[in-house]
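Residue numbers (this note's numbering), protein chains in the order written: chain A, 21 to 405; chain B, 4 to 596.
In case anyone wonders, no lab produced these hints; they're calculated from the structure. It is possible that part of the hints are untrue.
Stated by the list, open to error - No farther apart than 25 Å at their CA atoms in a straight line, the calculated lysine to aspartate or glutamate pairs in the DMTMM-like style are these:
(1) K587(B) to D547(B)
(2) K377(A) to E283(A)
(3) K587(B) to E469(B)
(4) K338(A) to E374(A)
(5) K174(B) to E39(A)
(6) K175(B) to D123(B)
(7) K246(A) to E268(A)
(8) K174(B) to D41(B)
(9) K170(B) to E39(A)
(10) K175(B) to E39(A)
(11) K587(B) to D545(B)
(12) K271(B) to E329(B)
(13) K309(A) to D363(A)
(14) K87(A) to D316(B)
(15) K138(A) to D102(A)
(16) K377(A) to D263(A)
(17) K138(A) to D416(B)
(18) K138(A) to E236(B)
Stated by the list, open to error - Non-contacting residues of chain B with respect to chain A, defined by C-beta distances greater than 10 Å in every case (computed):
(19) A24
(20) L94
(21) I121
Since the structure is predicted, the reported quantities are computational estimates derived from the model, not experimental observations. For glycine and all other residues, C-beta sits at the position ideal for the given N, C-alpha and C.
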Amino acid sequence: MLHDWKEMNVLRRDFVVREPLLVVILVLITIVFSTLTHAYSRAYDRRRNQLGQQWFAEGNAELQKNKPAAAVDAFRTSLIYDSRNWDYRLHLAEALSQVGQTRQALNYYQSLWQLNPKNGVVNLHLAEFAVRSGQVADAERYFSGAIFGDWPNNSADHRREALFELINFYLQRGDTGQAESQLIILSANLPEDPVLHSRVADLYAHVGDYQRALDQYRRAFHLDPKYFPALFGAGEAAFHVGDYHAAETYLTRASHEDAAGPEVKNLLQITQAASALNPFERGLRESEKIQRVLRSFQIASGRLDACSSRSGGSLPSKLAPLQQRRNQWKPNANPRYLSRHPDQIDPLFVIATEIEKQSQSVCGEPAAEDSALLALANSHPLDEK
Amino acid sequence: MSTPDTTLNPASPSSDSFVAAADAFRRRITAQLSFDEDRFFLILAVFIGIFAGLAVVCFRITMEWVRLYLLGSTLNPPPLRAFLAPCLTGLLISLLIFTIFKGAAGSGLNQTKAALYIFDGYIPFRTVIGKFITASLAIGSGHSLGPEDPALQIGAGLASAVGTRLKLSRKKMRLLAPVGAAAGLAAAFNAPISAVLFVIEEVIGHWSAGILGAIVLAAVSSVVTMRLFLGAEPLFRIPSVGVIRWQELVAYAVLGILGGIASVVFSKAIGWLRPKVKETPMTLQVLYPGIAGLLIGLIAVAGFPQVMGAGYDFMDLAMHDQYTWEILGLLAGLKILATTLSFVSGTPGGMFAPTLYIGAMLGGAVGTVEHNFFPYLTGSVGTYALVGMGVLFAGFLRAPITSVFMALEVSGDYSIILPVLVANTFSYLISRRLQAAPVLEVLTRLDGLSLPAMEEKREEETLNVEDAMSPRPSIVLDGDKSPAEAWPFVSHTAEPFFLVSLPNQPPAQISFGELRHLVEADDHRPLRETQAISPVPYLHPDEDLEDALPLATRHSFIPVVNRADLSQILGVLDLGDVMEAYRKSHEEFPAPY
Numbered sequence: 021m022l023h024d025w026k027e028m029n030v031l032r033r034d035f036v037v038r039e040p041l042l043v044v045i046l047v048l049i050t051i052v053f054s055t056l057t058h059a060y061s062r063a064y065d066r067r068r069n070q071l072g073q074q075w076f077a078e079g080n081a082e083l084q085k086n087k088p089a090a091a092v093d094a095f096r097t098s099l100i101y102d103s104r105n106w107d108y109r110l111h112l113a114e115a116l117s118q119v120g121q122t123r124q125a126l127n128y129y130q131s132l133w134q135l136n137p138k139n140g141v142v143n144l145h146l147a148e149f150a151v152r153s154g155q156v157a158d159a160e161r162y163f164s165g166a167i168f169g170d171w172p173n174n175s176a177d178h179r180r181e182a183l184f185e186l187i188n189f190y191l192q193r194g195d196t197g198q199a200e201s202q203l204i205i206l207s208a209n210l211p212e213d214p215v216l217h218s219r220v221a222d223l224y225a226h227v228g229d230y231q232r233a234l235d236q237y238r239r240a241f242h243l244d245p246k247y248f249p250a251l252f253g254a255g256e257a258a259f260h261v262g263d264y265h266a267a268e269t270y271l272t273r274a275s276h277e278d279a280a281g282p283e284v285k286n287l288l289q290i291t292q293a294a295s296a297l298n299p300f301e302r303g304l305r306e307s308e309k310i311q312r313v314l315r316s317f318q319i320a321s322g323r324l325d326a327c328s329s330r331s332g333g334s335l336p337s338k339l340a341p342l343q344q345r346r347n348q349w350k351p352n353a354n355p356r357y358l359s360r361h362p363d364q365i366d367p368l369f370v371i372a373t374e375i376e377k378q379s380q381s382v383c384g385e386p387a388a389e390d391s392a393l394l395a396l397a398n399s400h401p402l403d404e405k
Numbered sequence: 004m005s006t007p008d009t010t011l012n013p014a015s016p017s018s019d020s021f022v023a024a025a026d027a028f029r030r031r032i033t034a035q036l037s038f039d040e041d042r043f044f045l046i047l048a049v050f051i052g053i054f055a056g057l058a059v060v061c062f063r064i065t066m067e068w069v070r071l072y073l074l075g076s077t078l079n080p081p082p083l084r085a086f087l088a089p090c091l092t093g094l095l096i097s098l099l100i101f102t103i104f105k106g107a108a109g110s111g112l113n114q115t116k117a118a119l120y121i122f123d124g125y126i127p128f129r130t131v132i133g134k135f136i137t138a139s140l141a142i143g144s145g146h147s148l149g150p151e152d153p154a155l156q157i158g159a160g161l162a163s164a165v166g167t168r169l170k171l172s173r174k175k176m177r178l179l180a181p182v183g184a185a186a187g188l189a190a191a192f193n194a195p196i197s198a199v200l201f202v203i204e205e206v207i208g209h210w211s212a213g214i215l216g217a218i219v220l221a222a223v224s225s226v227v228t229m230r231l232f233l234g235a236e237p238l239f240r241i242p243s244v245g246v247i248r249w250q251e252l253v254a255y256a257v258l259g260i261l262g263g264i265a266s267v268v269f270s271k272a273i274g275w276l277r278p279k280v281k282e283t284p285m286t287l288q289v290l291y292p293g294i295a296g297l298l299i300g301l302i303a304v305a306g307f308p309q310v311m312g313a314g315y316d317f318m319d320l321a322m323h324d325q326y327t328w329e330i331l332g333l334l335a336g337l338k339i340l341a342t343t344l345s346f347v348s349g350t351p352g353g354m355f356a357p358t359l360y361i362g363a364m365l366g367g368a369v370g371t372v373e374h375n376f377f378p379y380l381t382g383s384v385g386t387y388a389l390v391g392m393g394v395l396f397a398g399f400l401r402a403p404i405t406s407v408f409m410a411l412e413v414s415g416d417y418s419i420i421l422p423v424l425v426a427n428t429f430s431y432l433i434s435r436r437l438q439a440a441p442v443l444e445v446l447t448r449l450d451g452l453s454l455p456a457m458e459e460k461r462e463e464e465t466l467n468v469e470d471a472m473s474p475r476p477s478i479v480l481d482g483d484k485s486p487a488e489a490w491p492f493v494s495h496t497a498e499p500f501f502l503v504s505l506p507n508q509p510p511a512q513i514s515f516g517e518l519r520h521l522v523e524a525d526d527h528r529p530l531r532e533t534q535a536i537s538p539v540p541y542l543h544p545d546e547d548l549e550d551a552l553p554l555a556t557r558h559s560f561i562p563v564v565n566r567a568d569l570s571q572i573l574g575v576l577d578l579g580d581v582m583e584a585y586r587k588s589h590e591e592f593p594a595p596y
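So here's chain B without its partners, still in its complex pose (with noise of 0.2 Å):
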């Protein structure tokens, strides 16, 4: 930058020199000067995490005061009410949608999984509008759904309408959905650890270093501006964990098998009665959320109001054990009724809140029922019905790091930990075995989509070199050797190329030509001293097959060398091993469904 003031003067006079010099100190600036998209991205990503926290706040206080005018200050509403609420509100919720909202149907976890992979993550605003009323209204008006996905598709929405806005390229349109749906459901559950997890593992469908650091900041921020505004008390107050004893670790397990069978009936219930009702005729269909209100509002009429919104309220009373063990388990069973009816009815609202409550409740019920048969177990049912929500969560959703993490994030007591692996690990593996599919890629084909199997994704086998390369090859040239003393092991071979060992160094290759022309030079130099010898591209046997693929299509092999020992040759790879060993995955491990 010490370069006179002359040369950023365009009318001074030009000499060679000087046209040359200037030259170089324009493209120096231009490249330092112009628009960086990735360094803005980052700066982006805070302001779409502060944009979708103050969209949660309002989003939440909205549904809040939904449900004060329809049903009420009370904790359980009268019952006209709670009859009335949710179907009349599922009948203007429908006119909406099917009107003025088109977009807003659904959960809103799919929709921002198909706006990432089929529209380059724009996501329409009107879809963030409607999304952010209706849901209001369902969710305050009593239909059993959770305020998470929909949050989650506001944040994404609101990212991709400032990276309209920007006109940011295609790439980072893509990335920046993401980034705003872990924003929104940081600040809808008030957990960004679990909320960055829940969208790489669901969303995203693998861990990606460039765009992490985006989501991570984007879930801080949302979080830090929703805690602004509403406080930074969790959606649920936790009891201590306290001591584990060995022992409560069979009833954690029995809560993983009851959570899996769980989560298999809600998945087949909703897998089930999905397709019927998308099946009945446009007319009927227009009826639905306030068919599913007018069940739900009888369910809290029979005298379940629990089962009513997003049920944070009842899972705190689950969780200071305020019910008996019979009542926590019909709490769960209807409330699988309830959010199914209102989910499958197109109603909008997520059902991350219904299956914490699902769990929550089982896992209260079987604290319940150890502490009245086994009281010198002192587990609490907090922790139980904490547990509960993890096992839903690994077995329904079927995101089981986000179920550990979120246990732990909620909690903030890491001795959850071996309960939640226990309770989860049972959960998943049954509902893996009774369950193919799980249940958002069942509602994303039933959606006539084809989007990336996030379980298939995250559990595909990984090809290492080491499973594709042939051994040693029998002939290795000595680099210190002669041409004359190589010649006899090579000349009776019907081989192109040939490796030659190089002491401490990566080995070389030599042509079968290039050799006998040596040969015949009578060239007595070592083999190494040589111009005839070529350095070749090495592998080492840790190496992702899919990064050495690019490799070789362009050689015809290429050597597998110790990462300790460069010189040591431990086998070679060529393209046909690199296909064989891919043609033998898919032979060995087949997809899941």
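So here's chain A without its partners, still in its complex pose (with noise of 0.2 Å):
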């Protein structure tokens, strides 16, 4: 019996001693390799670390000397002690773009997408892959991740340029329709910088919505009177609506600027004399108004015989008919007759700008009354009957 007991003892103390004595013990056995993995590891994160940003910074600086084969290298480096890092991968994409291997960058951003796809800049480097590869869809997709994405700072700065690039697409393709809608919706978010509204103003010139691009322009140089782009932007603007007048302020203004360059004294010219030619103007008197057909009809009838002349005598068979036309009208272009039928002044004014619009592409450079015409007619297009 007393065996027994002894016995129990001895299992009792196995199951109430042994088993949790043996848990303890495998615990602290635990905690300490716990505790030297932990040591050793540290010690290696930190080599790791600072292996990373060293090589990183490599990279960089191969970038800044221009050698983004070297700086591949050096990110791809960096990207074995610290594999997830963003930046690093960031900028290996940027090196290989810049290397050339656009596949293997292309790789690089789709995977950071995958990451994150509302980063504003992976979107935007995408974006450019899908335009330079045609792929419309997937560009209009990540130029709207980058327009209304995530940007590490100046996020208003980046989403308008991610716009603006958007646009310049839309442009490059001939959709201008497109165009001009996020041109819309970029103009109404611009903050009070001349430069911005000035470049929004050239796209919308650049689209033909010349009175937006007007608006643009005189927004431009309100807060910066003596900005040069915008007030040659404005003057051209305004000549294509046909508002002579400003175009000729805008344009002397801009001719007295330092940035002045020849065109702007060309159209000015062209402008002065749109200005003197212009028979639509409002408020004339309808002796002025023939006066000045007349003498549309005068520049244009001698454009043509120079024209004439320059071919030795014989006009281009596209400028016979119009020569013809011109010949039947001769006789009758003098004031006495228009003021007698004023409703052959149009029909005058009509042939001399035909003559002007056929002759521009045979006859050789136009001087600054022709192309005063032709800007005439493109504004006012009028039916010759």
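Reassemble the complex: the two chains are provided individually, in unrelated frames, and hints are given to aid placement.
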């Protein structure tokens, strides 16, 4: 019996003492080894981080030295030490782009996009790749990601630049409707910056919306009255919408700026000529209008004659019918006839502008007055009948 | 437990009833308090997982330190270092293996299997230390080997050390080695499911519910431990798989074929060179790790440092489409060469990582070619590289189940399963066709060992009762009939026993003698009411023949009955039927090698 009790005590010790004791010993061993491993791994982590940063800095230095191939190696090495580091991967992708390894760069950008689809930088890069490869849907998707995405700093500026790129993309594709829609969105949120207003105005001018372009140029030079691109752009835009007096004013102001080149003076001359020849000017008396139309006919006839003499007395075939019509009109091209037949004023002007249009491609560079007539023809399309 | 306190006092006066009660209590408490090895085994599995995880963390860090010191911190080491480091370190490793750590050579996988099947799961702790040091040196210095197989052995070795210290039974010691192996592999590959499957598929060779829980616990705890220290990042960044078009399955099939051929080339190269190396004098064998290192250094200096070490960084680059297909193909070929050299020289290190590397490069090459020639197919090169890894795993290591789950676990994307299945099937079939014995079996034989062939075990034909049973006997007596009515059916036969069918019950049996006795006694009761019938064990058609064998040895015949209706006799089975079925099965399906 006593023996049995001893046996039971041993068993109880096994259960109450041995198993818990073993667990406690194993826990203690775990703690000791974990502490040692922690110290070991911390030392290694420090070294890894240090090496990662060192190689990242090396890569950036190589990029600054314009050695993207060396930068690629350095960034790849930095990724060994911190494969998840966003900056390392982004810089590697950028360096790969610079080396011309676009597919490899694209792959990194795509993997970054998978990690953070809202990142503006990555979206913009991917949009640029899509533009280059002509993938319109992808380009729009990534541009949209860049415009509405997260940016590390100056997010408004970056988003605006992304929108500018999207507009340029549409313009390159000839999709002026989409470009203009985006321009309207862009111009509604512009800060008070003459450069930005002027850039937007340029784009409006590019899509042919000169009135909106003029508005933006005006905003630009209101912010900086001496900002040459805005003055010149406003002059051009006003010229295109047919407001020659305003154009003359802006171009005159632009011509006084240091940045003004010969193109300003040329346009000013044309504008002044257009202003002088414009038969559609509001409040113009009929006699004055007749004078201007007759003067226009004279200029156009002179252009036709000059063209004929330049080509040895014979006009190019496409101008021959116009010459015939000019000759038919010639006897009636006088103030007396036109005063009696005011309904013939516009058809005479149409003949003048038609001669200018047709001779534009075959008779060499037009003079300022010829260009003015062309501009007038474009801004006031008329029917001879 | 409401027994009075007096029962616990051995000094108290005793009476008969008191003694009996005390004795009963003692027996009960004895049963409850005994040290339960099974219960403690699961707790131990968790600790083994933690220890293996810690060991693998230290192992990986040591390997990286060695690489930093020997090869420098650049992705592509400077030529002089690349040339000298593997050679000189190879010589040092050789010295260590031939003097101090004699059991540390090789990958560790076969050694673990040998420990499991030959030494009852015992792995000397010196081997663990030796494997840790020599494998760190080898892989860190640029030998073309991987850390997973050594980690597997280190885990198994740690488990063995703990089990030995706790004086566990031989049975538990045998179970402990695979537990540690799974923990080591899981931590090294950061993929617990794949590790568990690999150990079951390649180390244990069969599914065993008894050990599965412990293996899973150990694998999970080791991965958790490892991630605490090294982070949860996978070994490589997997690009998203995306939509896979059906046309791409053709490319994946091509990848499977190429992978199968590459697996065979790799296996044959090792199988051809290894015996030649082993035949040479010992003095020359000492030099082989150094010579292998020298040749790997030459490959690196020739412009392909990517073949050095485990190569995970380069797999990552391949996955991110950073190489042309020509370079990828060349790297796959050179890696086969470099790994063959390192491995046959006896340098410690595994083949797990090189296998994945070769697969990733082949996959990347196929993916890049597809991109170049069929740009409208949008599958990413990374997906091809990932599938390629599985392909080599299926073809070279012949672990088809692990290969599928590995791709799933690493990518975390189930849309990859179809290309993985297509490619792995081609690879596995080609490899089996062109190379009968898997490389691990070849190595086992070359080492002079006889370990169970896992592929053979895995694919062993399982026979069921229905494969062996004879048709329903012509004479089955009706239990509702009287002995006199039953007698005419049996009187002319020489059978000693007859089955008696009983309504809604399994059949019983009656002997010829008993029936005759009942007839002579003029017993008019139905047979089922007599004491002469006796119960007989029964089987179902789908039961394993292996399970039926013990019954067949004890009974002259066993009825096979329907699971839904136990009274319905489908056939009978006797020992002769069982033996005949096994004989036929062996003739029909001989071992593949």
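Hint check, failures only:
Violated hints: none at all, because every hint is consistent with the structure.
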